[in-house]
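**Q** Assemble the complex: chain G is given as a structure, and chain V must be docked to it using the hints.
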Amino acid sequence: MNPEDLKYHKEHTWAKVSGKKATIGITDYAQSALGDIVYIDLPELDSTVEVNSEIGEIESTKATSSIISPLSGKVIEVNEELTESPEIINEDPYGKGWIAILEIGDAFEMDDLMDASEYEKYVEEEKK
Amino acid sequence: MRLAILGAGPGGYVAAIKAAQLGAQVSVIEDTEVGGTCLNRGCIPTKTLLATTELLHKAKNIEEYGLEISGQIIPNLSKIMERKNKVVSIQVKGIRSLFKSWGINLIEGKGMILGPEKIEVKKKDGSTEIVGADKIIIATGSRPAQLPLFPFDGEHILSSDEALSIKSIPKSMIIIGAGVIGCEFAFIFSELGTDITILEIMPRAISLEDPEISEILERELKKKKIKLMTGIKITEVKGQHDGIHVYLEGGKEFVAEKLLVSVGRALNSDAIGLEAVGVQKGTKGEIVVNEKMETNIGSIYAIGDVTGRLLYAHVASTQGKIAAKNVMGGNEKMDYGVVPYAIFTSPEIAAVGLKENQAIEKGIKVKTGHFQFRAIGKAHVMGEITGFVKFVSDETSDRILGVHIIGPHASDLIHEAAVAIKSGLKTKDIADTIHSHPTLSEAMMEAAEDVHGEAIHVPKK
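Here the protein sequences come in this chain order: G and V.
In terms of the working numbering, the first sequence opens at residue 461 and continues consecutively.
In terms of the working numbering, the second sequence opens at residue 87 and continues consecutively.
Bound-form chain G, shown alone:
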């Protein structure tokens, strides 16, 4: 269920890298744990974000949660559609529910991320 072509961060975010660009979002596990998402505080366009740092916040009917960036880079695009319809994240976390696109610097940060099967194991551990 977690796409094979994505990389996963332990704070339940994902990155899809193509060349110098990485699209990021939250995982299916994160959206289902949060429940109905009612608001997202998107990262600021043109801002520089650090790996493992908070780049925004998500509010659901149950909780508020930080969005932790899986990579470092510059925010070159944000998914404005989420401002009006944050529930898209619940519906399609790996597709239409993407959060931002980063222009990435250090490729080695990728090595710290998990692949789909590693992430699935990690989530199983978390659930225990």
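If you are wondering where the hints come from, they were derived from the structure by calculation, not from laboratory data.
Among the clues, some could well be false.
Said to hold, decoys possible - As a list, the in silico BS3-like pairs of lysine-lysine whose alpha-carbon atoms are at most 27 Å apart: (1) V:K338 x G:K522; (2) V:K146 x V:K170; (3) G:K522 x V:K514; (4) V:K204 x V:K172; (5) V:K338 x G:K534; (6) G:K522 x G:K556; (7) G:K556 x V:K308; (8) V:K309 x G:K556; (9) V:K338 x V:K308; (10) V:K512 x V:K451; (11) V:K309 x G:K534; (12) V:K464 x G:K522; (13) V:K546 x G:K588; (14) G:K522 x V:K309; (15) V:K508 x G:K556; (16) G:K534 x V:K308; (17) G:K522 x V:K144; (18) V:K448 x V:K508; (19) V:K146 x G:K522; (20) G:K587 x G:K476; (21) G:K587 x V:K546; (22) V:K311 x G:K534; (23) V:K170 x V:K310; (24) V:K311 x G:K522; (25) V:K546 x G:K581; (26) V:K451 x G:K522; (27) V:K179 x V:K165; (28) V:K508 x V:K546; (29) G:K522 x V:K165; (30) V:K546 x G:K470; (31) V:K508 x V:K451; (32) V:K146 x V:K165; (33) V:K172 x V:K196.
**A** Structure of chain V alone, referenced to chain G:
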């Protein structure tokens, strides 16, 4: 005892009634209207407007509640203002009739202290009356502070007083100052459809509150598409044909139809004759009083905003009661230790007691507890789930030091904490008290429980 009170705001009118109850012969001098800033230009009119805009907000989202509406919901500003004026006038009449029932003599005009026992009143009809008194209480209040860079013109550059009587809903408004007044107005006008930009010198909105509360409020501003720029410095303000232009250091420029200046309050301690009788003033112009509300002049007391302590109506009223009792021979002292207060943003903010950082600065080892409103049923029933309750407690003794709330009905919920802190209660006392279900007050109980990691509606950490 002949008592003369200068000013009929929430300090002066309460002092007048209390003194009359205790048998004084009371005259109150007021040059605008009884009720002061609070009733005529502050608390009551803004909250009346807020009642309208909150309803408007619900109406815009009426489908969430399973209702359908045919046709548009259109705010009619003149009708909104009419309702506001009606609410104010009911309260004004209420105070006037209380005065009448207690035999309080209301003298309408501008008072000037001529001596320790003498006030001259210039009445509206041009005549002058000399009021003799054994004691005087000064309760002249405060007014919107003005800065040289943006003097009020009542047309484009507005004070909060003037913003309460505008004739049409502005398309755009720049608000200088993200304090209590600026933020309250931002939510009101934004709901009416005004495009709002708030400019603030400090690094965050409502910078005197707990930083966690500022963070939530800033997000709520964002949700309402109210722009907030913090840490800015204004270099120039210019009125042009297309509106008021505000220039910031660093070259940024903003333009809007109206500019609302809410940068604090100036104290009304000038031109009331203090110098002539030698009443001592402090550096901000505040009248210096002791905890019995006595000035340095034996027969003269001062209360309310003009004493420059905490500029709240309820503090003024409390000071008023204390001054009145002391005028009548009592020995009452003012205690500023437990003063609850509320900020009427959407959602509301309220607090009492110490903030976490204040407690730490005092060298106290603190423990905090949090509870989010979105975790209780009633908040979802109401459709108002944003916010939290935060307890600050003494780690060693478990005594409650402070409680801070942002969320629905924060202004009502805070008083449970006020009673608890005034009574020296422990966090456990709140946690062990049954709170009825389904109510917002459950958030108080759960936040208290969370201090010890014992809240029920919080996932395992």
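**Q** Decide, hint by hint, whether the structure agrees.
**A** Hints, one by one, checked against the model:
1. As the CA atoms of K338 of chain V and K522 of chain G are separated by approximately 39 Å, the hinted pair breaks the 27 Å bound.
2. Taking the CA atoms of K146 of chain V and K170 of chain V, the gap is about 21 Å. The hint holds against a cut of 27 Å.
3. With a C-alpha separation of about 26 Å, the suggested pair K522 of chain G and K514 of chain V falls inside the 27 Å cut-off, and the hint holds.
4. Pair hint K204 of chain V plus K172 of chain V does not hold up; C-alpha atoms about 36 Å apart against a cutoff of 27 Å.
5. Between K338 of chain V and K534 of chain G the CA atoms are separated by roughly 23 Å; this keeps the pair inside 27 Å, and the hint holds.
6. Between K522 of chain G and K556 of chain G, the direct Cα distance comes to roughly 22 Å. Compliance with the 27 Å bound is thereby established for this hinted pair.
7. Distance check on the hinted pair: K556 of chain G and K308 of chain V sit about 23 Å apart at the alpha-carbon level, within 27 Å; holds.
8. The straight-line distance between the Cα atoms of K309 of chain V and K556 of chain G is roughly 21 Å, inside the 27 Å bound, and the hint therefore holds.
9. Of the pairs offered as hints, the one joining K338 of chain V and K308 of chain V holds, with about 20 Å between alpha carbons and a cut-off of 27 Å not exceeded.
10. Proximity of K512 of chain V to K451 of chain V is assessed by CA-CA distance (about 15 Å); at most 27 Å being required, the pair is judged to hold.
11. Distance restraint check for K309 of chain V and K534 of chain G: the Cα-Cα separation of roughly 24 Å lies within the 27 Å cut-off, and the hinted pair is therefore satisfied.
12. Restraint check for K464 of chain V and K522 of chain G: satisfied, since their Cα atoms lie roughly 13 Å apart, inside the 27 Å limit.
13. For the hint linking K546 of chain V to K588 of chain G, the alpha-carbon distance of about 11 Å falls within 27 Å, and the restraint holds.
14. A C-alpha spacing of about 18 Å is found between K522 of chain G and K309 of chain V, which places the hinted pair at or below 27 Å, so the restraint holds.
15. Only pairs whose Cα atoms come within 27 Å are accepted, and K508 of chain V paired with K556 of chain G is rejected, the gap being roughly 53 Å.
16. Among the hinted pairs, K534 of chain G with K308 of chain V is consistent with the structure: their alpha-carbon atoms are about 22 Å apart, no more than 27 Å.
17. Proximity of K522 of chain G to K144 of chain V is assessed by CA-CA distance (about 21 Å); at most 27 Å being required, the pair is judged to hold.
18. At roughly 19 Å between alpha-carbon atoms, K448 of chain V and K508 of chain V fall within 27 Å of each other, so this suggested pair holds.
19. At roughly 24 Å between alpha-carbon atoms, K146 of chain V and K522 of chain G fall within 27 Å of each other, so this suggested pair holds.
20. For the proposed pair K587 of chain G and K476 of chain G, the alpha carbon gap of about 25 Å is at most 27 Å, so the pair holds.
21. Using a Cα cut-off of 27 Å, the hinted pair K587 of chain G and K546 of chain V holds, with the two alpha carbons roughly 11 Å apart.
22. A distance of roughly 24 Å separates the Cα atoms of K311 of chain V and K534 of chain G; the hinted pair therefore holds under the 27 Å criterion.
23. Under the criterion of a C-alpha separation no larger than 27 Å, the hint pairing K170 of chain V with K310 of chain V is consistent with the structure, at around 24 Å.
24. Restraint check: the Cα-Cα separation between K311 of chain V and K522 of chain G comes to about 23 Å, which is no more than 27 Å; the hinted pair holds.
25. Between K546 of chain V and K581 of chain G, the direct Cα distance comes to roughly 20 Å. Compliance with the 27 Å bound is thereby established for this hinted pair.
26. Between the alpha carbons of K451 of chain V and K522 of chain G the distance comes to roughly 31 Å, so the proposed pair goes past 27 Å and is violated.
27. A C-alpha spacing of about 21 Å is found between K179 of chain V and K165 of chain V, which places the hinted pair at or below 27 Å, so the restraint holds.
28. Taking the CA atoms of K508 of chain V and K546 of chain V, the gap is about 33 Å. The hint is violated against a cut of 27 Å.
29. A C-alpha spacing of about 39 Å is found between K522 of chain G and K165 of chain V, which places the hinted pair above 27 Å, so the restraint is violated.
30. This hinted pair checks out: K546 of chain V and K470 of chain G have alpha carbons roughly 18 Å apart, not beyond 27 Å.
31. Restraint check: the Cα-Cα separation between K508 of chain V and K451 of chain V comes to about 20 Å, which is no more than 27 Å; the hinted pair holds.
32. Using a Cα cut-off of 27 Å, the hinted pair K146 of chain V and K165 of chain V holds, with the two alpha carbons roughly 19 Å apart.
33. About 25 Å separates the Cα atoms of K172 of chain V and K196 of chain V, which keeps this hinted pair within 27 Å; it holds.
Against the hints set out earlier in the document, violations occur for numbers 1, 4, 15, 26, 28 and 29.
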